[in-house]
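Read top to bottom, the protein sequences are chains Z and W. For the first sequence, our numbering begins at 1 and goes up steadily by one. For the second sequence, our numbering begins at 1 and goes up steadily by one.
Please note that the accuracy of each hint is not assured.
From the derived model, a few chain W residues whose C-beta atoms are all more than 12 Å from chain Z [claimed, not checked]:
#	residue
1	Leu7
2	Ser150
3	Tyr226
4	Met276
5	Leu317
6	Leu327
7	Gly338
8	Ile366
9	Gly385
10	Ala393
11	Arg417
12	Lys510
13	Gly547
14	Arg596
15	Leu618
Quick list of simulated restraints, FRET-style, between CB atoms [claimed, not checked]:
#	chain 1	residue 1	chain 2	residue 2	range
16	Z	Arg114	W	Arg157	35 to 45 Å
17	Z	Asp113	W	Thr514	45 to 55 Å
18	Z	Gly52	W	Ser445	14 to 24 Å
These are computed hints drawn from the structure, not numbers from a lab. As the structure is a prediction and not an experimental result, all values here were calculated from the model. All residues carry an ideal CB built from backbone N, CA and C; glycine is no exception.
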Amino acid sequence: MIARPKHQRLVLVVLAVIAVLGAVLLAMWGLKDRAAYFYTPADIVAGKASEGKAMRLGGMVERGSVRRQSDGITTRFIVEDGEGRVPVTYRGILPDLFREGSGLVAEGKLGSDRTFVADNILAKHDERYMPPELGNQAAEHKAGQTLKR
Amino acid sequence: MIAEAGLAALWLAAALSLLGLFLSVLHVRGTLEADRPVRALAIVQGAMCLFAFAMLLLVFARTDLSVALVVENSHSEKPFLYKVAGAWGNHEGSMLLWVTVLGLSGAALATFSRQLPSRTLIAALGAQAALALGFHAFLLGASNPFARLSPAAPEGRGLNPLLQDPGLAFHPPTLYLGYVGLSVAFSLAVGAMLAGDVDRRLARAMRPWVLGAWIFLTLGITAGSYWAYYELGWGGWWFWDPVENASLMPWLAATALLHSVAVLAARNALKAWTMMLAVIAFSMSMVGTFLVRSGILTSVHAFAVDPTRGAFLLLLLGIYVSAAFALFAVRAGSLREGAPFEPVSREAGIVVNNLLLTVILGIVFIGTLYPLFVEALSGEKLSVGAPYFNAVAGPLAILLGILLAVGPLLSWRREGRPILRKLALPALFAATALVIAFFAIPQASLLSKFGLALAAGLIPASLVPLIGRNPLRTPLATWGMAIAHMGAAVSVAGMAADSAFTTERLTAVKPGETVSVGPWLVAFQGISPVAGPNWTAVEAELHASRGGGVSVLRPQTRFFTSPPTETNEAAIDTFLNGQLYTVIGRSDEEGRWQLRLWWKPLVTLIWLGGGLVGFGGLLAFAGHARRSWRKRLAQ
Numbered sequence: 001m002i003a004r005p006k007h008q009r010l011v012l013v014v015l016a017v018i019a020v021l022g023a024v025l026l027a028m029w030g031l032k033d034r035a036a037y038f039y040t041p042a043d044i045v046a047g048k049a050s051e052g053k054a055m056r057l058g059g060m061v062e063r064g065s066v067r068r069q070s071d072g073i074t075t076r077f078i079v080e081d082g083e084g085r086v087p088v089t090y091r092g093i094l095p096d097l098f099r100e101g102s103g104l105v106a107e108g109k110l111g112s113d114r115t116f117v118a119d120n121i122l123a124k125h126d127e128r129y130m131p132p133e134l135g136n137q138a139a140e141h142k143a144g145q146t147l148k149r
Numbered sequence: 001m002i003a004e005a006g007l008a009a010l011w012l013a014a015a016l017s018l019l020g021l022f023l024s025v026l027h028v029r030g031t032l033e034a035d036r037p038v039r040a041l042a043i044v045q046g047a048m049c050l051f052a053f054a055m056l057l058l059v060f061a062r063t064d065l066s067v068a069l070v071v072e073n074s075h076s077e078k079p080f081l082y083k084v085a086g087a088w089g090n091h092e093g094s095m096l097l098w099v100t101v102l103g104l105s106g107a108a109l110a111t112f113s114r115q116l117p118s119r120t121l122i123a124a125l126g127a128q129a130a131l132a133l134g135f136h137a138f139l140l141g142a143s144n145p146f147a148r149l150s151p152a153a154p155e156g157r158g159l160n161p162l163l164q165d166p167g168l169a170f171h172p173p174t175l176y177l178g179y180v181g182l183s184v185a186f187s188l189a190v191g192a193m194l195a196g197d198v199d200r201r202l203a204r205a206m207r208p209w210v211l212g213a214w215i216f217l218t219l220g221i222t223a224g225s226y227w228a229y230y231e232l233g234w235g236g237w238w239f240w241d242p243v244e245n246a247s248l249m250p251w252l253a254a255t256a257l258l259h260s261v262a263v264l265a266a267r268n269a270l271k272a273w274t275m276m277l278a279v280i281a282f283s284m285s286m287v288g289t290f291l292v293r294s295g296i297l298t299s300v301h302a303f304a305v306d307p308t309r310g311a312f313l314l315l316l317l318g319i320y321v322s323a324a325f326a327l328f329a330v331r332a333g334s335l336r337e338g339a340p341f342e343p344v345s346r347e348a349g350i351v352v353n354n355l356l357l358t359v360i361l362g363i364v365f366i367g368t369l370y371p372l373f374v375e376a377l378s379g380e381k382l383s384v385g386a387p388y389f390n391a392v393a394g395p396l397a398i399l400l401g402i403l404l405a406v407g408p409l410l411s412w413r414r415e416g417r418p419i420l421r422k423l424a425l426p427a428l429f430a431a432t433a434l435v436i437a438f439f440a441i442p443q444a445s446l447l448s449k450f451g452l453a454l455a456a457g458l459i460p461a462s463l464v465p466l467i468g469r470n471p472l473r474t475p476l477a478t479w480g481m482a483i484a485h486m487g488a489a490v491s492v493a494g495m496a497a498d499s500a501f502t503t504e505r506l507t508a509v510k511p512g513e514t515v516s517v518g519p520w521l522v523a524f525q526g527i528s529p530v531a532g533p534n535w536t537a538v539e540a541e542l543h544a545s546r547g548g549g550v551s552v553l554r555p556q557t558r559f560f561t562s563p564p565t566e567t568n569e570a571a572i573d574t575f576l577n578g579q580l581y582t583v584i585g586r587s588d589e590e591g592r593w594q595l596r597l598w599w600k601p602l603v604t605l606i607w608l609g610g611g612l613v614g615f616g617g618l619l620a621f622a623g624h625a626r627r628s629w630r631k632r633l634a635q
């Protein structure tokens, strides 16, 4: 059976529309529970984040809070943003720019004891390569401090 | 003077593209007869861009500290290679490279595509000039690479150490040749729709451009993946980072276009479809440029945050994409019907290939842009990563791989032969591999099990089209197709093997201690300081063995002074059956050093496959070029 030209064009158009719709539906289905939301320590303290879901946590490493565990590879520290503090554990090599008192974004999950278990740490690179989340946050933070004074 | 000469050349190039656009409009409207002026303008415009780019290389090579861009991104003590390559390791320089490739593409189009009807060619050159005009305006208005600094700075700030790698010399230019090479397919589609000449001749003129751009994209992505793999020290080769997706999207569209343009060339079918894909492919390049260069994303690729630049790029993107889509909407209906074809034929196979690639492209596109939309609408911040892309796009990629085994065996028009019998052996391999995978590596992900099975079947299946043919008389293009398809299978094998078989060891050890990873015993000998041209480092010495000889690995932590940064330099040793990947971390009070070790069986197949895909493309390119050369000689 040779498809008639008009008929064939119609079939192709319908197929293209199905492909585009299919992509949108598949993407929506996939995004529903696979997107990782960004939270600040204040959000976590306020209970906005649910346990066990992949998420990102952004804030400053509290000074004096970094503790290396006895296995030599697990680190515990506290991430704060002036309004909340969240304990974090991370098993792995910290990025070169990880410093007390400087910013980071941690990817991971919130454990049942409200400790954030990070599987990846992104540290502030330098002024030019700062994650936008942190950029805004630092600016807000600074503005807040100026107001308080 | 050098910087001023470069800037003058850029202004001249912008003026020439405006003139070229004007003349081509006159030509298309029939007011202007001659086509030589438009072609000549395109060539001179390309030459001006090239000259400006050469001037930029020169100011970087000389570390001219009166040029603001050099001060911000270079340093007099930097190794010479990185001084020169650093010219495009920043926003302005990379946009100049972009515009240069765009100009050179226009010049090449004017030189090599004269077999096209004059109306189509001139309209295409007009479209190319319109593109050039917009990006020249962006360059001169919002990203001038030649801005002077007065007074000159005493010293430059240096280049991001992550970029100080031989990869910088190769990866960006290659990718840009791919991204911007697609502009010619876009312009040819626009020109052909304007002139109403969408036919086999157009497809034959478009194919080398699509093929060439696609080869560069393939090689650029492969190189970028390997660079990220060894430079970041995270052991991964693809992170579904928006910047990576920005290069993947044009590649997916170009892959679809490459196949549909072949249908148009061979069978005069899929006319509107191919035009649409040509528009989408370069639109994806522009979307990628917008994502990366506007500063809305953060990565080593996004250099500067300047909202006016983002708005400017978005405006350009909006104008070009909507103009092309509007033209398509007006003209698609009036295109002559393509030749009809059977539901089981190579054409139909390619339609399914195109549909699958389109769906995958849509999924990557939505996943990449979704966080931006959500943040713009609700202010909520989120990120989309591997869990989404692997789960949603992965199964479709497997389907595409299965089709890849069948498609090349189908013949044009209609398929009467029992082709499935030819695939019996590959299918048996795949089924066996799948069964073994389920029993031997139950812990591996479903996707990697199917990936291994697919590769086991697809590597032999990709060679089936060559069986029974005289190897010397088989066209180069057919060889190229088979090798590129095999490359895709080899790459899938590497990806699946890396995911299924990698073993990782994370530990802290004192000098003299030994740790195991996979089949390896790795002895930590000690730490010593070393120095390079613009860095110092601590270096670990690791002796690895698995029964046979000892191989020595020296991972480092490097400290750069300008700008002050630390980077991890992984040490990787490559063997026939995999790579041993080692990273050193920090030390503690007890004198222990953190070590992260991976044994990654068959991981090199990922990039070997990418290289094969590019090589297959190159063979096909050579085959088509030789054929059209012979045709021209015969005439």
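Against the structure, the hints come out as follows:
no.: 1; hint: Leu7; in the structure: holds, 24 Å
no.: 2; hint: Ser150; in the structure: holds, 23 Å
no.: 3; hint: Tyr226; in the structure: holds, 21 Å
no.: 4; hint: Met276; in the structure: violated, 8 Å
no.: 5; hint: Leu317; in the structure: holds, 20 Å
no.: 6; hint: Leu327; in the structure: holds, 18 Å
no.: 7; hint: Gly338; in the structure: violated, 8 Å
no.: 8; hint: Ile366; in the structure: violated, 4 Å
no.: 9; hint: Gly385; in the structure: violated, 7 Å
no.: 10; hint: Ala393; in the structure: violated, 9 Å
no.: 11; hint: Arg417; in the structure: holds, 18 Å
no.: 12; hint: Lys510; in the structure: violated, 10 Å
no.: 13; hint: Gly547; in the structure: holds, 27 Å
no.: 14; hint: Arg596; in the structure: violated, 5 Å
no.: 15; hint: Leu618; in the structure: holds, 30 Å
no.: 16; hint: Z/Arg114 / W/Arg157: 35 to 45 Å; in the structure: holds, 42 Å
no.: 17; hint: Z/Asp113 / W/Thr514: 45 to 55 Å; in the structure: violated, 35 Å
no.: 18; hint: Z/Gly52 / W/Ser445: 14 to 24 Å; in the structure: holds, 19 Å
Checked against the numbered hints given earlier, this structure breaks hints 4, 7, 8, 9, 10, 12, 14, 17; the rest are met.
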